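Residue numbers (my numbering), protein chains in the order written: chain A, 1 to 150; chain B, 1 to 661; chain C, 1 to 342; chain D, 1 to 326; chain E, 1 to 280.
For the record, the hints were derived by calculation from the structure and aren't laboratory data.
These figures come from a predicted structure and were not determined experimentally.
Ideal Cβ positions, reconstructed from N, Cα and C, are used throughout, including at glycine.
Any given hint might turn out to be false.
To be verified - Covered stretches of chain C, going by a simulated chain E footprint (3 or more residues, C-beta under 8 Å):
no., region
1, 67 to 77
2, 113 to 120
3, 175 to 181
4, 242 to 252
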Amino acid sequence: MLESEACENTNYNPLIVAFCCNWCSYAGADGAGTARKSYPANIKIIKVPCSCRVNPLFVLRAFLRGADGVILCGCHPGDCHYTSGNYYTRRRMKLLMSTLSYLGIEDGRMRVEWVSAAEGNKFSETMNSFAETIKSLGENVKLRDLRCKK
Amino acid sequence: MQKIGVFVCWCGSNIAATVDVAKVIESVKAIPDVAFASDYRYMCSEGGQDLMQNAIREHGLTRVVVCACSPRMHEATFRKAAEAAGLNPFLLEIANIREQCSWVHKDKEVGTEKAIALAKAAIAKVRFNSPLQAGQSEVVKRALVIGGGIAGIQTALDIAEAGYKVDLVEKKPSIGGRMSQLDKTFPTLDCSACILTPKMVDVAAHPNVTIYTYSEIEKVSGYVGQFEVDIRKRARSVKADLCTGCGVCQDKCPSKKTPNEFNQGLDNRSAIYITFAQAVPKVPVIDREHCLKFQTGKCGICEKVCPSKAIDYTQEDEIITQKYGAIVLATGFETIDLTKFGEYQYGKSKDVITSLEFERLTNAAGPTEGHLQRMSDGKQPKHIVFVSCVGSRDVSGRGKEYCSKICCMYTAKQAMLTREKYPDTDVTVFYIDVRTPGKGFDEFYRRAVEEYNVHYIKGQVGKILEQGDHLLVYASDALSNSHISLEADMVVLATAIQPSQDAKKLATMLTASIDNNNFFTEAHAKLRPVESPTAGVFLSGVCQGPKDVPETVSQAGAAAVKVLGILSKDTLATNPCVASCNERICSGCLACENVCPYGAIGGEEKTVINLNGKREQRVVSVVNEALCQGCGACTVACPCGAMDLNGFSNKQITAEVDAIC
Amino acid sequence: MLKINKAKWAELFAALSAQGTLYLPAEVDGKVDFTVWQDGTEVNLQATQTAKSIKNVFFPQIENLLDFKTDGLKLSVEQRMLPEEDTIAFGVRGCDVCSFEVLDKVFLKEPVDAFYKARREHCTIVSLACSAPDETCFCDTFAIDATNPGGDVTTWLVGDDLFWQANTDKGKELTEKIQALLAEGDEAGVNAQQKATKEIMAKLPLADFKIDPKIPAEQEKVFNSAIWKQLSDSCLSCCACTYVCPTCHCYDVRDFEIDNKVERFRCWDSCMCKDFTKMAAVNPRVSRLERFRQRYMHKLVYFPENNEGTFACVGCGRCLQKCPVSLNIVKVAKALGVAKDV
Amino acid sequence: MQKIAELIKKEAESLLKENKVTAVWAWQPGEFYYDNSPVCFTAPEQLDKLVYNEFCPSNLGKYLMAGSKKNETMAVFAKPCDTYGINQLIKDHRIKRELITVIGIPCSGMIDIKKIKNQGVKGIISVSVSGDDVIVTTAYGDKNFKKSEVLLAKCMSCKGSDYMIADKELGEKMEVKCQKLNPEDGVKKLEAMTSQERFAFWQQELSKCIRCNACRDICPACSCEQCIFDNQEAAVAGKASANTAEEQMFHIIRAYHVAGRCVGCGECARVCPQGIQLGLLNTKFAKDINEFYGKYQPGADDDSKAPLVDYKFDDVEPTISAKGVR
Amino acid sequence: MCNCGSKDVLTPQIGVVTEIRTETSDVKTFRIEKPEGGKVFDFMPGQCAMLSAPGMGEAIFSITSSPTTKDYMEFSIKRCGEITEYLHAIEVGQQIAIRGPYGKSFPVTTEALKHKDLIFIAGGIGLAPLHSVIDYMLANRDDYGSIDVVYGARSKEDFVDYKELSEVWPKEKNTKVHLTIDKAQEGWTGNVGFVPQFLKDLKFTPDKTVLLCGPPIMIKLCLAALIEMGFAKTQVYTTLEFRMKCGVGKCGRCNVGNKYVCKDGPVFRCDEIDELPDEY
């Protein structure tokens, strides 16, 4: 509680990496842009063909390199452009999140959301709420490689 | 060390208003292997492309980053331009600084900072881009059109006319779709059947068209140029080749209590039936659920009466597997379910009907042979109330948020026709807005008001009550800001339309995306309105969004042209962003094979050079590049990193992550 | 000879730690390892052996050497500060003390490794005599006297008293600084313990294990021995043995990139690993047999050849304890027939 | 055990003499009674060195990989728990089934010498085991132990006496007699802690890591031609443990890579020179998989689809747990 | 900043690339000087230097230019890996980290080579270390006897320093250059065939001293040919130029037996190599 207040006071801007699948979520992000639905600028999007391209290694790499939050967005289950990619993503990320939590990493530092190409609104809302979550969690100190401190 | 060129687009003020372009240039110039950086007002314009091409040639650029709008907009444009300048098109990356930066951030400092970060990420990635060569895949010169309404018919005809084979699949026993149910069409008031029927006949008679009615899509695999589709041809129980369509069977059929779908359930049909008089094919179908022979084993009258021995109770569903080069979706629409709109008494009072039911009621081939009468007592209504926007533009969550687009016009049509045929009938229309953008539309509406004296009241109907044999309509009059109530003999609800129920299932099968309302999503709202984001899948008609007949027909033609664009080629360039396996590292665990949605990966025992540079024989994964669609599922399943994806390699993504963090 | 009673050890450690960072054997989770002493550290002077050797005090597992910075075409190199911190390694057993001599022959030989040298010079070694050797101990094989381990200061733990004897100027300097805590002690207890320890050592399974000092001369025969295959077949190629070994010193130099800065660091590596010092090429010794042979040939043949007969093994027995599949230098030496008793 | 050792010797002898196989994988004695190591016998006359007793914990399955590539016929002696790993290696196409003869040998549990030594036992000269009695002779006198109290942790959670794969079984099946441990208990204990406590626990555990790779190299699920950590191209954690974050990465990624393939043999924890409780990480994955996707025992067969290369339409969603923030 | 004034052995110096020549399709020659001008360090022919690609690591290369050149040193580098890939992509003006010199040189100052008749045998990029020796000797021409350079490459285009080979060296006193390519090629009038056979064809008398450098297989075959021609292994010097990492004889990578290639080599007399375990 105190920590989060302190963060707000110092204008703490969490660094967030968002992996977005090309067919749904990246288009959703474009949709948010077209509709001018804003979200924090410290969220940077990396385009991948499908959410199933996101190796847990990339997520860990982002944390290691100092990202405060990582969010992975893909098509809704059942709507995957590649039929079943996001089903694998779902299992992979579920296990990864469970393990991160088990290792004592704050729940919520990583999130998976299904955002379709039509859900520009949802994209922006999701990003805003995720940024809020990360803000309340504060800086990622547990997974960061100390050498990467800026 | 690469020689990277960075080009930053202003997009007029779209980007430049929120991103300090000069500062972006300055920042990227400091990156070691950035050899050239420049900005331009519109990079996508000829001038912008020239700038890029000249820089590639003059500075010997080995990689290019364009900071501009979404790659979904102009990646192809810039890649083509780069290729023309002699650079492999896949050595170019886009930093999306419009949709994902300038348009979502207001503060210029913030926007600039983010644009720099995105540019850096793209630069980091492009360093590891490798030149890719698109492969080739053969095109099957046959198209599939799903849905046999006016949209599907027109698309099929246009493709067939151009000389290509096309299969038209319709779920119902006859093609024709919604348009065949309509009486007249606005604003010209042609008879719908009169203009549709010839087209139905044409398409059925066309040597290049094969029609599968009473059929559904079972399975779709493959990709543009090479789709493989299983079509389930449901058992009709009537041999189409023998049947003459005489109709004796349906006359003699003892089971006549099934609601007639074609007439929106306003009357009943027999268990063996021909949908409507002009049906194509004019071959009846046995509705096994209601057929006595199928339900009880007794009967068999139709078999006995059929003069051409066409009845076949043993017929079974048939699966037809066919390859196609392209697919068109033309699945049409249906009216929404009104159970949530209890205030209108729909379903409770027989005299509250939907506009589609009204069409059947006024159609000469309809249940009343075209006589306007109440379904409750058969009397001719003296006062009709039309309610528009029932379930359309509805934010209450009961209906649809979108405008169904066609209601204003058909309501005007129905009101006008009523007044014309029955001048003594009083017609009132309640509306929120009357939307008439279309050729001759407003004139048409004004005629209804001015010439035919249809009462238009701006206001919403709050409640309808049955009172004796009348209906009491409670409404608000927005102009006089008062509550009014009036008596009516019949109420017609201009019910919202929605995509056909099958759209969702098809979307999944075709990996075509649909929006929140189950309308198919187009690849680009403005520039690619008939293409779905899935290559080789096109959209025709209302399945993409509400449309009237002429719009549907023009989109159907457009979809056909897109299909022809594919079928006219012998081969298509395949997406070179496919998976590839590093055989030196691959351990042959074949986790990749297990996750591949396309069966594009298999294990092969091969002689490979191992990590020590020695030959050895072992199982390794082999990717069939023609089948691979580049999703990347295999790359993550692979524990040792042997499997990688061109264009989105481990190194590229890691570099992006590093650049951002 | 000086001594200090158990009751005053806490004071002793505090006083030593005031002179420099104090490394001593401490128990964490049932495992004894050299740890930086702090108030509350659970010191364990009973354990015969720490799990890892103490070589990381001089040769850390990872050490940043320098930074590169790029600015356009310009490149600058900035070497990291050489360590200046004074350290005390306390409770070092005889075998480990001798291991420093082995490492010195590598790192202090021209061209001198400046980082190692700085660390080595800033460290005072306080050894601890063994009184309860384990079955895995074979320091005697290399003529190391575990009961008189040397270093800058030697200590003996007899009963509740720690006997203290400075050997070098550095040791004497340290002793002076903590003189107040030390009392005079007589050598009788120490001598008795030394005698008893030696008697125990004679009873241990490896008491008779000796390595023929002439093996370097038989390099070719040993190198081509058929026994390497069978031995190396069961080796996992992990580097547990190398990383716990006090004398192994292979390293790799790698770069770590952050933005436009590159940190160059040195880290432990193992000649047993497939990817030893991997850059463009793989380990030059591609087969497991070659890698396995390299490690033992280096310890038993090449190193003594280059260093007046000193073996690169001090008989600490850690590899005997830690190898996942119980392969170790004793087994190898015996199998090769270079052990004297076979 | 002595009786079984005789059976093994006889079996190995006949296999080699009759040229049914070119190599037999078994164990040979070390310097002390307790340090047997794996060995490959290729001639009958070598077999006098063959040993089988309470100190043969190693799974020999992974050694078959090298011979399998060269199309050598090999026999391997496998305790019930070892057969899981062998199956997994077959499934991962690292061993060709047709080349190997798996001979199941009964086991009543392996003794953990560390447990004995942790009780202050030093200078071991010999160990003798009869029934539940373990007598340790040392240079400092004799010590007695109960075998059931000094078993390896992995034996205390023995998966049973059945062989998942065996071309032949020797002797009568034996049971491990001891207070059984459920490996999931440790995971549950950790799960019950607060996030901060768990973090502190893992920091402490993982900071011990010296990146010797013993856990990986012994693991029957870690059989890649080239481990991702050895692949410079892959840019994952380097070989040095620069700080705890990197060690964390190494262990998360390793556990992740064997998730759904880890047979739960417990060898990683046994061989860790630093005593890191690695089982707690691998078991967590196994437990999660069982809970989320239904019970799955890797290595119980050689053809089932592993949970991470499979899916169901209604799999549980990766949402933040109830305990999460917000 | 270094606090003791002493540089660590692994700390490189900065040099700047002042010239890049493209020799063949995959070989470039780089000239390196101190940023303020002048040679980064002195060396003797046959010695090596470690070049850094920051972020990727280091690799060792033999110095191609003559020690007698005062202002710079040169490296002919073949593209064959990540670091060489990096080097091939740099431009003139790029600064680079360099440390050395490492290893033993050819014994140019001792009686082993002085006043001897010499044959230089090189294959492909193997000319690089010999180039330095040849230039050194030509600069001190009177100290040495006859010089025969036998150089083989895959094709005409694969000769490194073709201009010097064909135009400069042959003009020197008592110096001959013999070139051969693997396969016949249009416009090539010289010898066609592999170096070992070419050696036999040239009928050298076995009283000369040989400096041999090239790919391992070529060294092996040439050595066999030389022995057949009556040469003794003590007359042949070669380099084992591979697998060095730290360059200072510590890291444990490059040793063959008790010899560290980086410290005790890379120049060995062939009879010395025979004494090493068969592991190179």
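Status of the hints after comparison with the structure:
no.	hint	verdict
1	67 to 77	holds (count 7)
2	113 to 120	holds (count 4)
3	175 to 181	violated (count 0)
4	242 to 252	holds (count 4)
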